[in-house]
Structure formats: structure tokens, C-alpha cells
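Undergrad: Listed below are the residues making up each chain.
Protein chains: 2
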Amino acid sequence: MIRIGIVGYGNVGRGAESAVLQSEDMVLTGIFTRRAPESIHPQRDDTPVYPISRLEEPGAEVDVLLLCGGSATDLPLQTPELAHRYCVVDTFDTHARIPEHFANVDAAAKEGATAAIISTGWDPGLFSLMRILGTSVLPEGTGDTFWGPGVSQGHSDAVRRIEGVADARQYTIPVQKTMQAVRKGESGFTARDKHTREVYVVLKEGADPQRVAQEIITMPNYFDAYDTTVHFISADEMAAEHAAMPHGGFVIRSGRLGAARQYDSLMEFKLELDSNPMFTGAVMAAFGRACHRLHEQGRRGCFTAFDVPLGLLSPLSAEELRGKLL
Amino acid sequence: MIRIGIVGYGNVGRGAESAVLQSEDMVLTGIFTRRAPESIHPQRDDTPVYPISRLEEPGAEVDVLLLCGGSATDLPLQTPELAHRYCVVDTFDTHARIPEHFANVDAAAKEGATAAIISTGWDPGLFSLMRILGTSVLPEGTGDTFWGPGVSQGHSDAVRRIEGVADARQYTIPVQKTMQAVRKGESGFTARDKHTREVYVVLKEGADPQRVAQEIITMPNYFDAYDTTVHFISADEMAAEHAAMPHGGFVIRSGRLGAARQYDSLMEFKLELDSNPMFTGAVMAAFGRACHRLHEQGRRGCFTAFDVPLGLLSPLSAEELRGKLL
Chain A
634 MIRIGIVGYG NVGRGAESAV LQSEDMVLTG IFTRRAPESI HPQRDDTPVY PISRLEEPGA
694 EVDVLLLCGG SATDLPLQTP ELAHRYCVVD TFDTHARIPE HFANVDAAAK EGATAAIIST
754 GWDPGLFSLM RILGTSVLPE GTGDTFWGPG VSQGHSDAVR RIEGVADARQ YTIPVQKTMQ
814 AVRKGESGFT ARDKHTREVY VVLKEGADPQ RVAQEIITMP NYFDAYDTTV HFISADEMAA
874 EHAAMPHGGF VIRSGRLGAA RQYDSLMEFK LELDSNPMFT GAVMAAFGRA CHRLHEQGRR
934 GCFTAFDVPL GLLSPLSAEE LRGKLL
Chain B
634 MIRIGIVGYG NVGRGAESAV LQSEDMVLTG IFTRRAPESI HPQRDDTPVY PISRLEEPGA
694 EVDVLLLCGG SATDLPLQTP ELAHRYCVVD TFDTHARIPE HFANVDAAAK EGATAAIIST
754 GWDPGLFSLM RILGTSVLPE GTGDTFWGPG VSQGHSDAVR RIEGVADARQ YTIPVQKTMQ
814 AVRKGESGFT ARDKHTREVY VVLKEGADPQ RVAQEIITMP NYFDAYDTTV HFISADEMAA
874 EHAAMPHGGF VIRSGRLGAA RQYDSLMEFK LELDSNPMFT GAVMAAFGRA CHRLHEQGRR
934 GCFTAFDVPL GLLSPLSAEE LRGKLL
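Chains as they are written, first to last, in our numbering: chain A, 634 to 959; chain B, 634 to 959.
Note that these hints are calculated values from the structure, not bench results.
Be aware that a few hints might be false.
It does not matter which identical chain is used: a pair holds within one copy or between any two.
Distance condition first, Cα-Cα at most 30 Å in a straight line; then the derived BS3-like pairs of lysine-lysine [unchecked claim]: (1) K827 x K957; (2) K903 x K810; (3) K957 x K743.
My request is simple: use the sequences and hints to build the entire structure.
TA: Given below as C-alpha cells:
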């Protein structure tokens, strides 16, 4: 059994917990939190909950830690720090800082003789794998990634920071017409061509809806480059209809093969998820298995999804995989 | 530059040739054939064509051989034999014999200190990778692979062997209704539920269409477990409308996550190919690159798609990949 520890018990932490409990070759040996341990209620009563400082003491019964904190402030420090002592998997997704994060974690893991896999989840993660397959098999072609329909936490948070907004939920919607054009090999699309944004807002009493709507649709980077629709709803409607965190998306690669480039080839990967954090946790758990195995093979340092043979994600042996899934 | 040799110049060999010529980090150093070399007309006049026996002589300028023969009789002998002296990639797809083929190639490659990747292409190959991702991330769930719409060579050949048949082309069609049910997590479908078969037949003069149709639809294994439709057409229609070799398919995985298994998650991969052999050749070329790199890393023996980190498929460096595609 692979002994898994979960660091951070937010939505992704709960997703990782569920996934570990669904995995027959894993045991959840602890949840490690910055909150008061007694305030945490794990899915199973017998799962130990520890203060995160426990990981500094010797003797933690952990083969791999799944780090479920945020990319903005938690993971840049936490992943290298913990990689000194543990095999770790994270979901670091601040794209511009991946080279720096990789270097930090790689140095720590090599010093600590551990293995770390960063930037797992579905994007980065599974979608990255699809982009590699697409561009490697069809080097002459076009392709794009579309996200949604789904809730963007970052955009929802940005709207919540506007004065007069009590609550908000932002859905990113891929534009079907543009997806169809990408499938046919067209390219050169703008942000506005690719996605629309739908915002559901609960106003504070007395707030001016017109001013709030205007502040949303003109917000730089977040909304001004998109066609955005704002809907004002009640707190009850928000609770009843927008509590879930669905997400998903598409990775499309369209290429041309043959001496005259006469053979169109389309590769497309789709995710449709009722719960973004649950699925993210499930991907982390699978990479946790791979991380443990890389370490057992003597591999040390930092890895990404690109470095992991996919057979290591499965609980089945190499022989079983060749017999059943090849 | 990776020096690639192609063994066998049928449809897949021509696909591999096209793909190698599209790859900026590869050079095609030879086509090796059992036919008379002068009967082969490569895409570029300056591509050398050799008798296959040339590979027994020392000094062949080849880093990796792409073996483009058939699984029935060519590859079971050719892959282990050539793996003694060369890094090789094949598309062996006789499922029941993969363990035996793997063992033979592994022994040969270890003796010869080479690296071999067997059973590449899209199924086995890319579809196998999708099956591993699906079952590893969503262990509780159902899933299935659907093929087509596309031409099945094996089924077309089987019809051509019937007395009175001058030519035949068989299309495998996935049943949309069943695909939709699999996406929703249903399972337990039969062969008949999943695919229908459409056969286009050119009769020899005087042949009885009713007898031929009956022989087709009752043919054990090939057709009797499916709903099959037979169309009789002229040789001109066959040449005009059925010369292409389109194919494709779907790998669907539907799983449930969360404490109460309340979160549906759908992963789906689709291929739509104007030309099955061209795409197969393109996948082989990418695995040829990976094979060369595994060998450069000191890896020896037989591998499958499950053992290959996907980053090795791309001409980009690990740093570039982390920066651009992660």
C-alpha cells in the first residue's frame, strides 16, 4: 500500500481524499492542515488530522504528500520545502513561474533524495499531455485549448472584489463556432473569438447594478477582451443553482499529412466534469502513485507529466497493462 | 538529426516516410524492401532504396528503423531479428500475441544493447494511452473504445475471399446511441450494440448477389455478431468513391468521484483521420524519436507506449516543453 498524506483541506484536498479512498493500492495516513486539526472533518472518522508542523518531525508515515494548496502563495514555498523530506505532488499552475518553481523543487528534491511531480491536475496536466501528443504526431497543423463550460474561481473572485457585490460566479464558455473552425485547421483566433464569459452576481443592498455591470465588463485582462454577460440574481438563486463547480474543456489538434498535405487528421480530447476540484484531486492521486514508483526506481528530482511514463499512473503491473489495456 | 530507416514500403511505410520528411529533426537514410529496389518510387528522388538484406551488412547509417510490415507474418520474425542490431519501432497489433512478441523483442534488444518500442500507432498506441489515463484517474467507472467510421482492411479482405467477389470495402461504423450511453456511465454492451458494418461489393460477372450477401452477413466472427448492410456497386464507383482509407474512433471513460460518487466525470478522446496508414506512420515517427532518446539515455530492451515519457515524443527540449506546452 502506498501511504499518502494530504496537505491542505480545501476543495482540492477533499478531492484528493476521495480519490485516495477510491484507490485500492493507497492508504490515507494523514491530513495535514494549517487550521485547528479539530475543525477538520475528514470523510472517514479514522483518518488522522495533524497540524502541518507535524511534517517537520521525524517519523511521519508517508510515502507521498499530495500538496493541495494554492499556486499564488502556498506552493511556491511549500513544495520545495517539503520536497527536502518527502516525495511530493502539486498542481502548481502559474504558467510564467513554472521554470522557477521547477528549478526550486528540483534542487530541493535532489538534496533530499526525493521525487517530486509538479503541475499535475488537468490543465496543466492531462491537457499538457494532449498538447504534446498533438504537436508531436501532427507537427504541421494548428491546435488550441478551450476551457469550459465551467466556473473560473479566479474570475469569480475578481468580481467579488467589486464594491457592491455580495457574491459572484463566473462561467467560461467555449465558442462552438471557433472550436469547429479549429477542428477544420483554421487558426489566428483572439481571446474574444474563443470564449465568452457569463457572470452571475448577487448585489449588496443599494448597489447600482449598472455601475457594477460596467465595472465587470471593462475590467482589464479579466473581462475587457471578452464578450461578457452579467446576470443579477438573488442569494437564494445563487445557493440553489450555482453551488457546484463544474468545468472541463477541449484540446484540439488538426494537422495535415501526406506528400501533398492532402490528408486531414483530427485529434481531440474532451473533459466534462461535474466537479473541477474532485477531478483535480483524482489526477493528483494517480500522479502520487507514479511519484512513489519513480522514487522506488531510484529517480530523484523534479518531474512533470511530460517525464512520467503513463503506465506508472495505473495500479496494474506492466504485464497486466500490456495484456489488458494495450 | 535522427537517422531513420523504413522497412517495408506499403501504405504504412509511405505514411512513415511522409512523417519523417515532415520532421525537422529527422533524416530518412533509407527505405529497405523485399521487392526489387528499382520498383520503389520514394517521395523524394534522393531517398536511397535498398534490398532488406542490406540491413545484415555492417555500416547502415540508421539510428532507428520503423518497421512497417504486417502483424500476421512479418513483424513476429522481423522485429526481434532486427532488434538484435538496430533500435526498432513497430505497430504489432495481434493482441493475443503481444506478451510473446514483447518477450522475444525484449530478449533480442537486450542481447543487442538496443531499444525497441512495439505496438505503436493509434490502436494499440494512442488509444492505449487514453485507456490508461481513463482507468487510472477514474478507477470507478465504465469505458469503452469505439472504432470508425472507417475502413477495416481485415474485414475488406475477408469479403474479397468470397467466391464471386471482385472487390470489396468494409466500413466499421460506431453506433451513436451506444456511445451516448457509455458517456452516461452505462455498460454491458454487445458487439452488435457498439458497431454496425457496411460492405461495398463489386461482383464478378455472373455471381449471385443474394448468395454473396448471405455469405457475408453470416460469416463467423467477422460479420455474424453485427448488423451488416451489403451494397453492390460497380468497379467505377468503387474506384471513385471508396479509394481512401479513412478511419478514427473514440476512447470514452465515464467515472464517478466524491464520497457519495455524486460527481460524474467524462474523459473522451477522438480521432478523425482521412488516412489511417498516414496517421499510423506519423505516430510511428514520433515513437521513433522517443526510441532514439531512450537508447541515448542508456535504456535497453523492449518498451511499449506505456513505458515512454510523452515528452520524448516531441522534438522540443524538456525546458521548451515546460515553457510552451505545460
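Undergrad: Hint by hint, say whether it matches the structure.
TA: Each hint, compared with the structure:
1. Only between protomers do K827 and K957 lie at most 30 Å apart by alpha-carbon distance; the minimum there is 19 Å, versus 39 Å within a single protomer.
2. In this assembly of identical chains, K903 and K810 lie within 30 Å of each other by CA distance both inside one copy and across copies; the values are 16 Å within and 19 Å between.
3. For a Cα distance limit of 30 Å, the shortest separation of K957 from K743 across copies, 25 Å, qualifies, whereas the shortest one inside one copy, 36 Å, does not.
The structure meets every hint from the earlier list without exception.
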